[in-house]
Amino acid sequence: MNWLAGAAWPLALLIAAPLVIHLLSRRPPRPQPFVPLPLLERAIKRERRR
Numbered sequence: 008m009n010w011l012a013g014a015a016w017p018l019a020l021l022i023a024a025p026l027v028i029h030l031l032s033r034r035p036p037r038p039q040p041f042v043p044l045p046l047l048e049r050a051i052k053r054e055r056r057r
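For the sequence shown, the working numbering begins at 8 and goes up steadily by one.
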């Protein structure tokens with residue numbers, strides 16, 4: 008059980024680090040690149056239909 012906890016720590020850090028960085032970088036008001044992704048996909052689908 009101890010090795011499992013030891014293996015979980017790096018994974019938890021790998022998952023938590025981007026989240027922390029994202030939360031810290033969100034303080035300056037800046038457009039988030041991943042918010043308009045669904046809109047972008049819709050636009051691409053529209054262009055493909057034409």
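Treat each hint with caution, since some may be false.
[Claimed, not checked] DEER-style ranges, computed between Cβ atoms: (1) Arg-49 with Trp-10: 41 to 49 angstroms; (2) Arg-57 with Ala-14: 47 to 55 angstroms; (3) Ala-19 with Arg-57: 41 to 49 angstroms; (4) Gly-13 with Arg-55: 30 to 38 angstroms; (5) Glu-48 with Ile-28: 22 to 30 angstroms; (6) Glu-48 with Leu-18: 26 to 34 angstroms; (7) Glu-54 with Ile-22: 33 to 41 angstroms; (8) Arg-53 with Asn-9: 23 to 31 angstroms; (9) Asn-9 with Glu-54: 31 to 39 angstroms; (10) Asn-9 with Arg-57: 38 to 46 angstroms; (11) His-29 with Ala-50: 44 to 52 angstroms; (12) Ile-22 with Leu-46: 41 to 49 angstroms; (13) Leu-46 with Gly-13: 38 to 46 angstroms.
Derived by calculation from the structure, the hints in this document are not laboratory data.
Note that CB positions come from ideal geometry on N, CA and C, so glycine has one too.
ask   = Using the C-beta atoms of Glu-54 and Ile-22, is the stated range 33 to 41 angstroms upheld?
value = Holds: the Cβ-Cβ distance is about 35 angstroms, inside 33 to 41 angstroms.
task = State, for the Cβ atoms of His-29 and Ala-50, whether the hinted interval 44 to 52 angstroms holds or is violated.
result = Cβ of His-29 to Cβ of Ala-50: about 25 angstroms, so the range 44 to 52 angstroms is violated.
inquiry  = Given the hint of 41 to 49 angstroms, is the C-beta distance from Ile-22 to Leu-46 inside that range or not?
reply    = violated (27 angstroms)
ask   = Regarding Gly-13 and Arg-55, is the given constraint of 30 to 38 angstroms on their beta-carbon distance met?
value = Taking Cβ atoms as reference, Gly-13 and Arg-55 lie about 48 angstroms apart, which means the hint is violated.
query = Is it true that the C-beta distance of Ala-19 to Arg-57 lies inside 41 to 49 angstroms, as the hint says?
reply = holds (46 angstroms)
query = Does the Cβ-Cβ separation between Glu-48 and Leu-18 fall within 26 to 34 angstroms?
reply = holds (30 angstroms)
query = If you check the beta carbons of Asn-9 and Glu-54, does the distance land in 31 to 39 angstroms?
reply = Given a distance of about 55 angstroms, which is not inside 31 to 39 angstroms, the answer is violated.
key: Assessment of proposed distance window 22 to 30 angstroms (beta carbons of Glu-48, Ile-28)   = Check passed, 25 angstroms falls within 22 to 30 angstroms.
task = Note whether the CB distance of Leu-46 and Gly-13 lies within 38 to 46 angstroms or breaks it.
result = holds (43 angstroms)
request  = Could you tell me whether the CB distance from Arg-49 to Trp-10 stays inside 41 to 49 angstroms?
outcome  = holds (47 angstroms)
ask   = Between Asn-9 and Arg-57, is the Cβ distance one that fits in 38 to 46 angstroms?
value = violated (60 angstroms)
ask   = Is 23 to 31 angstroms right for how far apart the beta carbons of Arg-53 and Asn-9 are?
value = With a Cβ separation near 55 angstroms, Arg-53 and Asn-9 fall outside 23 to 31 angstroms, so the hint is violated.
Going down the numbered hints, you'll see the structure goes against 4, 8, 9, 10, 11, 12, while the others check out.
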